[in-house]
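A.B. asks: Chains D and G are the protein sequences, given in the same order.
Be aware that the first sequence starts at 1, since it is given in our numbering, and climbs by one per residue.
Be aware that the second sequence starts at 1001, since it is given in our numbering, and climbs by one per residue.
I should point out that these hints are in silico values taken from the structure, not numbers from a laboratory.
Any given hint could be a false lead.
Claimed, not checked - If you want a taste of the chain D side facing chain G, the calculated C-beta under 7 Å gives, among others:
1) Leu80
2) Asp162
3) Gln165
4) Ala260
5) Ser261
6) Asp265
7) Pro392
8) Ile403
9) Lys407
10) Thr414
Stated by the list, open to error - In silico DSS-like cross-links for lysine-lysine, where the CA-CA straight-line distance does not exceed 25 Å:
11) Lys434(D) <-> Lys1048(G)
12) Lys296(D) <-> Lys253(D)
13) Lys253(D) <-> Lys78(D)
14) Lys253(D) <-> Lys310(D)
15) Lys300(D) <-> Lys166(D)
16) Lys1162(G) <-> Lys246(D)
17) Lys1048(G) <-> Lys78(D)
18) Lys1048(G) <-> Lys296(D)
19) Lys253(D) <-> Lys1048(G)
20) Lys161(D) <-> Lys296(D)
21) Lys161(D) <-> Lys118(D)
22) Lys300(D) <-> Lys170(D)
23) Lys170(D) <-> Lys78(D)
24) Lys1162(G) <-> Lys1146(G)
25) Lys253(D) <-> Lys1162(G)
26) Lys183(D) <-> Lys329(D)
27) Lys246(D) <-> Lys183(D)
28) Lys170(D) <-> Lys310(D)
29) Lys198(D) <-> Lys166(D)
30) Lys198(D) <-> Lys1146(G)
31) Lys161(D) <-> Lys78(D)
Positions of the beta carbon are idealized from the N, C-alpha and C atoms, including for glycine.
Each chain is listed here by its residues.
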Amino acid sequence: MYPANMKTVRTITGLIAFVVLAFSACMRPGRQDTRTLTLAINSGVEGDALKQAAQDYEAQTGIHINIAEFPYANLFEKELIDLNAHSGAYDLIMLDDPWFPKFASLNVLSDLSPLLQKRGKSGPDDDFVTASLALCREPYQTGTLLALPYVGNSQLFFYRKDLFQKNTLKEPATWDDVLAAAKAISEHETTGAAGGGKIYGYVMRAAQGNAAVADFMPIFWAFGGEMFDVNGQPAVNSPEGIAALKFMIELGKYSPPGYASFNADEVGAHLLQGTAAMSINWPAWISSFSDAAKSKVIGKMEFGQLPGAKNPGRAEIGNWLIAIPGDAKNVEAAMDFLLWATSRDQMKLSAQRGNPPTRKSVFTDPELVARFPSYPAQLRSLESSRPRPRTPQWNEIENAFGIYLSKANSGELTADDAMNQANAEIKKIVERGK
Amino acid sequence: MSSEENKEGVGDSVSGVGSERTIPYLLLAPTVAVLLALTIYPLIYSVKISFQSNSGAPTFQNFTRLVSDQFFLSALAHTFVYAAIALTIEFLLGLALAMLLHGAIRGRNLFRALLLVPLMLPPVVVGVIWRLMLNSNFGALNGTLKRFGFNTEALTWTASPKLGMAAVIIADVWQWTPFMFLILLAGLQAIPQEPYEAALVDGSTPWQTFRYVTLPLLKPAILIALLLRTMDLLRVFDHIFILTEGGPGFATETLSLYIYRTAFRFSNFGYAAAMSFVLLLLTNLISVAYIRMLRAQDA
């Protein structure tokens, strides 16, 4: 063999080794000392507040904080892959509450109770809204504490009080009231713009997936529907469930055409332009209505409680939680930060940065109530809110359910067929998960 | 020192033969290493997980589930409907444009340049542009139609199970017809003048010239254009994801979207890998058919 060949073999081996090493180096974050924390956050108003808080914390304590920021759509998959691989890349992660059961079922989050006890606390303090704290336990409400609630969103019922007064309508207490008001407003009101300027009585999101399901659940629950019966079997095609979907389609007649593909942006645009009068929506939108650059309806929008039917109206909860991965490199320092960030003072700052709190004392803080007049309504909605069905397979169930809801709203399927097919599909998903 | 140098000099002529042999390997080594790390290993890994359940146990379930999964079957159907319609329109339009701009017309270069603009946009941007234009209440398309007195109430585009597919196909045609045009124009320009002169001498009509001279000589370019577009269309993702996210309902969900959802939303990587292999297999079968046709042409 030529000596040069040996050299080549060595060079090639060397190169391969180099590439492999380079890759493994990329995959494994450098060793961290106890003065560094890494946070995975959502890029958006919720994550921004935490980012600013982290900068304050860094200045106060000298602990260095790395921020890994991801858009909502990628945050879940990033966190799931990292936690599943036990890479210990993050010390703290932000979670949207529907994801929580998945992470809890994988056993990848730290139990916070021993960490609290170490700090002389028997548990999380009772200033947290019960409904928010309940989300952080697995099983729901009673189980192990695996996170703390950071942003306290829950749905509200948005409606145009000026149009209601003009048509002598009272705040809608039931979904029948909503339908009657939608009809009256659609028939009598116009924006006065050229070409008709139609005002639609109601506007909703019925795009497949999260949108359709979130806008349907409060109607579904109010009509007495439950996704799972007492035996844990899927039951969306119960008579109550089908009646709720029929009602949604009826309400759709007073919604702008094309609502079967609407997401939050389209609904927001209709409300801000004054071309729709009512909707279920989330608190993040409230501030836009008093912004002259965006809103044609300044001072005309009211934010109330979800209407009821057979059952009292209950909003869907949508909280952001913060958890410590089980493989976090710096559990103790992470816990200190978590307690600091969810403390009353910090949460007040976060509220001023635009995030609804999860603490009662912050919701009732006079300074904040003066600035955010809808806080009392938000607290009431949050306290009586309901979580989405708690299952690790929620993403897949929501996707399937949303497809059939969207199909029913776009006229592709009847309400009965949609619910029967959705139920069969949910059953399959649940079976697969066993 | 000098004797050492001398030895090196002698050695050079020997190892010169050796390095001529080894230099290609050396040059290929980085590429091979990167391919191994980024393509071969993931490929083997995805074969492995496609035969595993979520808990890691070996299983054929991921493949047996395909046949009974309504979502998979309709996504597969949508993919083929989408690819077939878009391919046909893009090909016919591209060919017509290439024929038109091959001839000597005024402003030929300007038209050619303008036609290429859509190709330079990222598909995500195209998705966003069309999403804004097709918005049924505030969009440019319905707004224009309304101005001319049309009733646009029923034209909900991305929200309509019937028009949704049309909407995503229109966006694709808009972006990718220029690609067809480009390849076909290059093909046209490569055809020598002589066959045309011969046809003229024989008194052929324009249609006969097109049918019996242009088309056969353009066939290699046509097949290449169709092959590339077909492979692209079968894995379409970006602009549908932006325009409709597969909706309304499931009306525009293609296989790539469903695979993405299964893997990254439902964290079922095994099933997603199984579906990817089906897509890969189908794409390969179609490509082989095209390549056979190309070979037949050469023979």
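A.B. asks: Tell me, in ascending order, the numbers of any earlier hints that this structure violates.
C.D. replies: Failing hints, ascending: 2, 3, 6, 7, 10, 13, 18, 19, 21, 23, 26, 31.
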